[in-house]
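Chemist: So you can see what is in the structure, the chains are spelled out below.
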Amino acid sequence: MSAESVFYLLAGAAVLSAVLCVVQRNPVASALWLVSTMFALAGLYVLLNAQFIAAIQVLVYAGAVMVLFLFVIMLLHVGREASDMRGRGSRVAAGAIGLLLLAELFVLSRVTPGGLAVLSGGVGGAGSPLEAFPAGRAGQLAPAAEGVVGAIARPLFQTYLIPFEITSVLLLAAAVGAVVLAKRRL
Amino acid sequence: MLLGPSLLVSALLFTIGVAGVLLRRNAIVLFMCIELMLNAVNLTFVALSQVLGLDGQVIVFFVMTVAAAEAAVGLAIILAIFRHTRSVDLKHINLLRG
Amino acid sequence: MPPLVLQAVTPATGAASWIWLAVALPLAGFLVNGTLALVRPQAKRAVSIVGSGVVLAAFAVALAIFVQLRAAPPEHPIIVDLWRWITAGSLDIRFAFQVDQLSLVMLLIVTGVGGLIHLYSIGYMREDPGYARFFAYLNLFIVFMLVLVLGSNLPVAFVGWEGVGLCSYLLIGFWYSDPVNADAGKKAFLMNRIGDFGVMIGMFIVWWNLKTLDFATIDEVAVRSLTAGGMIVTLITLLLFLGCTGKSAQIPLYTWLPDAMAGPTPVSALIHAATMVTAGVYLVARTNVLFSLAPTSAAIVAGVGALTALFAATIGLRQYDIKRVLAYSTISQLGYMFLAVGTGAYVAGVFHLATHAFFKALLFLGAGSVIYAMHHAYHATHSSEDAQDLRNMGGLRRKLPWTFALMLIATLAIAGIPPFSGFFSKDEILAAAFGRGATAPVWKLFWGMGLIAAFLTAFYMMRLLAMAFLGRNRTGAAEEEHLHEAPWIMTGPLVVLGGLSLLGGLLNVPALFGGGARLEHWLEPVLARALQMVPVELPHGATEWLLVGGAVVVGVAGLLIGWRWTTASPIPPAKEALPERGFAKVLFRKYYVDEIYHAVFVRPLVGISRWVLWKGVDQGLIDGVGANGSARVARALGWIGSRLQSGHVGVYVVVFLVGAVWLIRAVVR
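Chains as they are written, first to last, in our numbering: chain A, 1 to 186; chain B, 1001 to 1098; chain C, 2001 to 2669.
Here chain A stands alone, though its shape is the one from the complex (with noise of 0.2 angstroms):
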């Protein structure tokens, strides 16, 4: 199977989980169907040489996240009433907005490879990308030379320093904040 059609299943896999997921009844299949969204996802990653990404894709979001979100379900007992889609003009409402936003955002993705060019400063007019753009080649090569892993650590421990301190003290932050609101009596 070539990477092409692969990557056309994986795709298909996740828009109808992705579809799947906003339809069901119950938010524990909705959860489930985003879960199988996340992993057709990682898969896409994979494709697109981002594997370090697609791990933690995995370990993070459908792992960590996803069980949460299916923890608190379960303590809510939420999901037994009735349907809880909302009325006809929300519906209405829904299916303008997201024709307007897909045929927006179909025209934003109509972008070349020569015209992304022009648009980001790189060498116009090439035929691949990747002479086009110098630093997706750079990309390219770099786990070839320290592997999945160091090619990313060496932006993040270097010139993503401060954001990557920030992100840790909003982690702390977030994990106070979530003990401290979800605490019955403080």
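Treat the hints as calculated values from the structure; they're not laboratory data.
Heads up, a few of these hints could be off.
Listed next, the in silico SDA-like pairs over lysine to any residue satisfying Cα-Cα at most 25 angstroms (straight line) [as the list claims (entries may be wrong)]: (1) B:Lys1091 / A:Val92; (2) B:Lys1091 / C:Gly2647; (3) B:Lys1091 / A:Arg25; (4) C:Lys2186 / C:Pro2604; (5) B:Lys1091 / A:Gln24; (6) B:Lys1091 / A:Phe71.
Guided by the hints, dock chains B and C onto chain A, whose structure is given.
Modeler: Quick look at chains B and C alone, frame taken from chain A:
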């Protein structure tokens, strides 16, 4: 390259997430649709990182971290509200009415 | 355009340079008495000494200056510049005093008669708790009156003009706890305000056309800059005269003066007889050049004066309050003064101003002594009868002999009986009017009105004298023993004024009687230009003797007929008096002028104020639309905003996404 199709898939996922936010009344499911939107954005970043450099993947790294933190805090808030109103239905949560 | 500067002025030397002292002394008196009124009102001795002392000291200063000027009469006015007052652009008004013959006459009258009245007040107001306040206000009045007559330019004179109006208000409403007095004070002030409007507009027009406000400079340039008989000078003079009708109680703004009798009698004597009300006459005399350039205005001045003289005299025939009779008499005599200055006989007008100050002050102070006695009598018997009603008096000749004698002298003076002062001054006015009648026939009418008014004057004055002093006493058996003469501090000034009423004629005895016409020569430099333009045409020879004789006959006839008429039938006391009927009622009710003014002016004005301006504009527009309306708009906007905050997250999300879609659309473009 898979850039074009990836961006299209990302757009689709994002739109589905928007529709879900508009259609569902359950707060937790709403939250899950928001997570879906975040994932779509992650896909966009990863797709574009192929041509624009590894910075895209680093950004995805941060997005995931923040999304996790946000999920934790958000669900804690929903828990607190549930204790108050015994419901996670959006139509019962309107105390901030002006 | 730069302002015009005076060309010809005599330098201020010697006593004249001390003129500011004459104003500073009463001002110091005001401050001291005012302070005493606030901190130690019972210090009556100090107040008496300070209050009268400063005015008498000012009189001494005036005398000193008079002596100096008598020796060397200045051709041009002496201007004593005190300080720079208003400078704005080309406007440079200085606070300066003008010392010339005319202002000196006024200065002497104000400080002299004023000083006598201050002495009188020591006795009259002795038992009043507001003693110190009274003298403070009285001193302040002297200050402002002097500023008025000494001011060298229109704005300074106007400061004095307004200031005397203020003091008049304060003193009329001196016993303010009675609303009648407060209302009288307000009425006086408001009516004066109408006149002041005229003076101000007149001042503005003077500045606009002549570029100067100094009297002396106006005198010099008016002839060249204004067309004689033209619209501008007529307008200026008419507007100034409007102020004079207010201040000097002429038709149509005279109704405040009878009401002003609500104030203490010394106030009536000083302000509403001798000094403040003469301010209008002084103003016309001061701006004589302008009036000489506007014959129409001068005719109007003379006409209004003559009409007022006759009109007020008729009202005085049927009044029963002793002070009211004198008030209408004052209005009538002021009419004579305006008849004089309107005819161009400024000397006659100022002469009558002086003699009138003497005998009218004497009459008022005498009436004050009578009221003082009546008041004490009623107080002793705890009666609530009116102490000022002539019908309650009678036979006071035996109780108050000095007062009677002096008031008799004043009555003869005002009736124009020779050799008393009033004869000379009134006669000169009527002669000037008659003389002008040869060239302008309407003046014959004025002369006729003046003659009839002279008859009526003698009549009502004799009536007053007869009702108060002659016949049987009507006060009441119990009160009669309490009636006695006033203390010497009060009767003393009366004697001085009596002497002046008797001898005042010597100021200006005309050539007909072999006199030197001293006042006329004294005032010549001030009036030179005016007399050149509008000379006074006095009749001579046989006509003159006929006129004099006629006036004397009329005066004597008035006195005799008045006496016979009043004493013919017994007069009932006030409480038994029958209501007035017929034309007598119209006279008693003063031709209903007050009622007419109330209906025509006051009620519509109050109506407009209440319904249009208050309810309409203030409550409806400013409050309703402005304040409350803007609040309502804010609340409505807030309501709209609050509707957006429904609290439903779903709605918020929709709005949010709509916005996001729109933003992306903008990028896509």
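Chemist: Would you mind marking each hint as holding or not holding in the structure?
Modeler: How the hints compare with the structure:
| no. | hint | verdict |
| --- | --- | --- |
| 1 | B:Lys1091 / A:Val92 | 18 angstroms, holds |
| 2 | B:Lys1091 / C:Gly2647 | 9 angstroms, holds |
| 3 | B:Lys1091 / A:Arg25 | 17 angstroms, holds |
| 4 | C:Lys2186 / C:Pro2604 | 18 angstroms, holds |
| 5 | B:Lys1091 / A:Gln24 | 19 angstroms, holds |
| 6 | B:Lys1091 / A:Phe71 | 23 angstroms, holds |
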